[in-house]
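Keeping their order, the protein sequence lines are chains A and B.
Take 1057 as the starting number for the first sequence in this note's numbering and just add one per residue.
Take 2 as the starting number for the second sequence in this note's numbering and just add one per residue.
Bear in mind the hints are in silico, worked out from the structure with no lab data behind them.
No residue lacks a Cβ here, since even glycine has one placed at the ideal position from N, Cα and C.
Just to be clear, a hint being listed does not mean it is correct.
Ranges of calculated distance between the beta carbons of each label pair, as one might list FRET restraints [stated by the list, open to error]:
1. 155/B / 1189/A: 43 to 51 Å
2. 302/B / 1335/A: 19 to 27 Å
3. 152/B / 1276/A: 41 to 49 Å
4. 225/B / 1331/A: 56 to 64 Å
5. 160/B / 1276/A: 36 to 44 Å
6. 1335/A / 81/B: 26 to 34 Å
7. 1111/A / 105/B: 53 to 61 Å
8. 1111/A / 302/B: 36 to 44 Å
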Amino acid sequence: MIQVIANSGLQLLVLLLVAPLFSGIIKTLKARLQTRRGPCVFQFYRDLLKLFRKGMVIPETASWIFSGAPYVYFTTAILVGLMIPMTTTYAPFSLFGGVLAVIYLLAFGRFFLALGGLDTGSSFGGLGSSREMTISAIAEPAMMLALFTVALGANSTNLSEMAGAAVSQSWRFLAPSQMLAFAAVFIVLIAETGRIPVDNPATHLELTMIHEAMILEYSGLYLALIEWGASIRQLVLMTLLVNTFFPYGLSSEQTLFAAGMGLCFYFAKVLLLAVFIVLIETTNAKLRLFRVPELLMVAFILGALALISTFLF
Amino acid sequence: MSQTASNLFETLRQKFGQQVQSIRAEREDEFYILLSDSDIRPITDYLLGEFDARLVTVFAEDRRAAENVFYNYYVFEQRGSPQYLIVRAPVCANMPEFPSLSAELPSVNWQEREIQDWFGLKAVGHPNPRRVALHDNWPEVYPLRKDFALETVLPEFEGERHIYRRALGKGVFQIPVGPVHAGIIEPGHFNFAVAGEPILYLQLRMFYTHKGTEKLFEKLPVHRGVFLAESISGDSSFSHGTAFCQAVERAAGVEVPERALIMRVVLLELERICNHVGDIGAIVNDVGFVVANCHAGRLKEALVTLNEHMTGSRLLKGMACIGGVRRGWDVAQLDTLLKSLDWFEKEFKDLVSLIDSSDSTRDRLEQTGVLWPEKAKDLGIIGVGGRASGIDLDVRRDHPYAAYSRFPFRVPVYQAGDVLRRMQVRIEEVGESISIIRRAAEESFQGEFRVPVPVIPADRCAVGSVEGWRGEIIHWIRTGPDNHLQRCKIKDPSINNWPALVEAVQGNIVPDFPVINKSFNLSYSGTDR
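One chain only, chain B, in its complex shape (with noise of 0.2 Å):
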């Protein structure tokens, strides 16, 4: 049920009255509401209750060179309908504070708290206004707004580190674990409260890899921007990159050809591919049934040599282009493309099946980290996660993108939230996108791949939205003059589900927890930016 948006304006005139001060539709699928001031739980509570909607993501702009305000956007969805509602908030420039809405909605808390400590604003009401995107022990700096130079060296860090909460009791200890960790992957601090074994209470700690790459992309021409959006979370760089495109071809109203966008579809669908095969690979193995990972490894392998048979890249980086994708395809290549495909649907049953038969593998994942549906709701929780709690989300339906609209496929729903229906979500997205790359392939791939790309004119806003692997990814630039970005919002699908993690070791054994982790597979680098 799409709105013009006069009609919009209307009904939210009649209900709130001069707070709205004007809706504008830049794009058909994209509105945006001007309020009058920074008070935006009224219409939060309307839009959410009426109007169906969903908090998508939560941002801020520094607008005082040109406006003296700073902005807040707040970009809802609404069920059903493949428009973005972004309500744009002032908030004074001379009483930076805004009111919070982190105690109703939890999915907004750490955004919030990035606002708080990227720009300076005061998140009033927050439950928990702690630190979070940067360290307790940074200087009083907001390194987001337009006075701070990205040049600027900071001296040494004195102040006090974080202070964990502290779990008391009898019995009850606390484990740290992290920043470093063994193993290859990202830093990130653990607290676990434990009574024994069962896991009492879990404290999280991100943000150990920022890099200030929101501020990077404020410097960069756009065209370079499109390497730095690839590598914003490595697993997920085409992903991102197509995120980034996307946006900038909305501002710059470029319409890309048909053949890049049905490439588009293939190298987001082998992305996914990639790696759900991987993470299947990896919980299966956290339960010590190691030979199906190793088959897994095997698949995975096959796929990114794939990858770099079809791209020059084994994880899809350089191809993401503004205007299209950078580099066509042969005949060749597309037949080695289907070829793989039908070799990898084979071998993928098999594992499967491998999978299938084990039951002590099902005993493990069964049960296992359970997320509720009605938590997972309250957390805003999206993606695989999200999935397989009863969220019935992905963007590549809900807001159609490249040429998604012509592939129909099916989203794969659980209720049960735990381990096994995580493993599940991907099981079934696999069969999906071998389906959807298969239809794409048969499609004509004649003509332009690539558009050339005008200057892209200035002050003009754009969202970009994708269903990475992980989940919902979301681009959010202002364009600027002389080919460069005045802002440019990131939101990884990792920072809405890190609390999931939370709330679904809970109750679990300590033992138990690398394997929950393990089945949400978030990105540190995509969360800390």
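The following block holds chain A by itself, in its conformation from the complex (with noise of 0.2 Å):
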């Protein structure tokens, strides 16, 4: 009990404190292949921590919607990651609910995010939410369907029996079925993380801006709670990439040497996900906005390939 304690306590501790440093390593690790020196790793704390300490300018216009989404956005990235095994095939919250709870809680939050960006009515922050919304339109059932072919073959849409199935067959991943899911969950993870090809995380061009443009008008405590829980809905959703396609070093014991044996196969795995990610991100131009949708429709047809060919194989 008290081990199952500890692991739920060290799952939360690595989201909440852990899921900076990934987006920092990236943005680092970006910056030296485009051959500049780039900010310290841990950059994104030291920005956390200036937000939390600075005031907050509310545009009159506000109303409750604007103040409440930044607490849903970061509450339902906590949520989430808690559902998703990450050091051991157990996960803290698996009691509530299993991928269908997962999907639609990351389309709560960003639901709430989108209504923050209209609730100003900003010019900017309303063309942020409805390009955001295009693309989570098909976003969202892509994901569904490549988890429900990782669902059908453990007979569970747990992500612990789903995490705990596919350790029991350890080269399940080669099958075709899993290596098309795996595509399409990895193309949504780029949309959903807002990267390039079709988000520019770094750019300063209003008019470009998805993510960005949703969350102008937010300061202080507010963007800090939005920076911080994107930065954990990207962990989270590594942590689902790899755990439920590549589950090694996940064991189904509850001890503490398993646990930290889990978190360091975990930390390599997302490292190595994250540099994949940053190549993506160094050797393509962002889409035109009105193809993303179609990167995001290969995405779906994927998981619909990856879900027939679960029948057929």
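From these two lone chains plus the hints, build me the complex, please.
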């Protein structure tokens, strides 16, 4: 029992404290590939600390939705994070829901952020929200199909059991259905985290922004919550990807040693994924906005093919 | 097909009778045609039609003190001839009106309205006679008239701000952007009317940084005017400085030594390369291909460092000088120039192949922000933006100045008019510029680089033109007593080209606007003056 609590606490701490580190690592790696030195990997923490200390400017036209959205966004990210197994096959909140809950909680957070963008009535917020919704309308079903493929193999939509089933058949990721599903979820990951070729996280051009345009009016504590929440969401999605498709190092036992080993494996896998994301971002230009849905349609079709192929092979 | 003054006078007299008063050849490539009244329309039709001429710029001058009239000047150039035909049309001081050409020639739309705002001469028949150079809340003052003192302090502005045209329709929204932007750029207001993402209509508002530069020139001794000219548009400081110096040298009849002419060529081309490389990087950066921009930034840094080595200024400031250039070069400097250029050429090829190898970049740039050749012709678009849309103009070739006639080069021209071609024009011009500098550096760098300039004789008019990296820069001056100027007209290429942006963005989507804007990269400061 104590170990379960310890593991859950560990997972919560990793989500809260390590997520910004991965954002920093991605930023620094990108800078290196661009022949720049780039900021220190811990810069994100300093930015958060700075934002928490700052006062807020809240538009006069804003309602409670504007104030509520950052909390919803942040909380859903944490909740989802606790539903996904991280170091062992056990996920602290697996009792509360599986794949569907994960997808819809993520959608819920995004929905509120989009509302927050619309709430102030500024033209850029509206622009960002409408773009975000266009993208997520296709990204969500694509992710659903892909995750169902994995769920079918495990005969459960509970992520703990899915991970457990995956551990027991360790070469399963070579199956065509798994590879297709992985590709689909990876594209969704790029879209959800607002990375090139879908969105440019480093741009200052408000006319081209998606995620950044929604949060232009936010400042201080709210902005900190959103930025922090976004980095947690990014880590959550990366966790989902690596632990659902490559569950190496996940132990079904709840011992301290297993958790420690699991943590090491987990960091290595996420780091590898981060490098992969950086390579994609560095070698591609951003897609024209109207072609982003096409890219996500590819993800959707990959997801559908993955689902079909589970019945064929 | 150059004309002699007497031939041209005969032809025009036959056609227009007494309206054409006289033709004076100030210089062999600069004719002044004096009209008897302000009606410019018939002679414009004739010059544009029969002569295949192009209206380069329009400006006014307050000559009430000496002759009790205003003059409007219409500068024409003829295809294939280095001559400037400058038509002087008097505008009566008692009835300050002149017929507008903007309905037929949209290229002078803003320039005619500048005359309205600055001189109080009314452009009759102008399709959109609202304020442009002075904003709507300015009081009724005409700052370029001689009776408006430079030191005048105007009261706090109270009048109504500019009212933008409203865009109506189901699902049509207006997005105001600026005048203060994210990032370090100058102020300008963009008002987009959009239906979803596609842009229906763009309204521009410039002149937020109007500084009264043309007025300021009238108060400065000529040699200090050079420094002012250098700061009209910071990225074109040597081009503007040289255009100004050339105008003064032509007015004063100063013979610039050969060595200085060659050095001017080298410096003008260095400025062009430097800015083109920066622009190429900025264009790919705006479609998210950041790596290429970082390399372009690295190359640009090397070039401005080279600039500093050659002139002491990263932006080539302080080098332009009447009668030559301010400093000479020694052998070591020329050696560094050539070595740096060799290194740069290799690195630049790598950069271009990096950009070429990116399909996703090409996908974003091709057919984005298309400016059709017909539109470009109607609007009188010049420079890089013009050459990408089939407008084959280049002052270096059409009106050879400095030592350009000795270094023939190719002018890249494309018809497709999209962002990709505007980038391609820049890439090819960089190649040509490298070759020009190489050939120029082989020339003899012996002899004087500067001659002493006598007191400038009063009451002479002269035009100075330079192909800056953006396009055609024109300075027109009238000299006055005591080494001062009576009038200095500055035409930056940006004032012609801003309307091109309005055309090019139509039908594109909002997120593509930044890259389209960047592909023109126009100067706010040069427009506003």
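Would you list, in rising numerical order, the hints stated earlier that this structure does not obey? Hint check: 6 fails alone, others pass.
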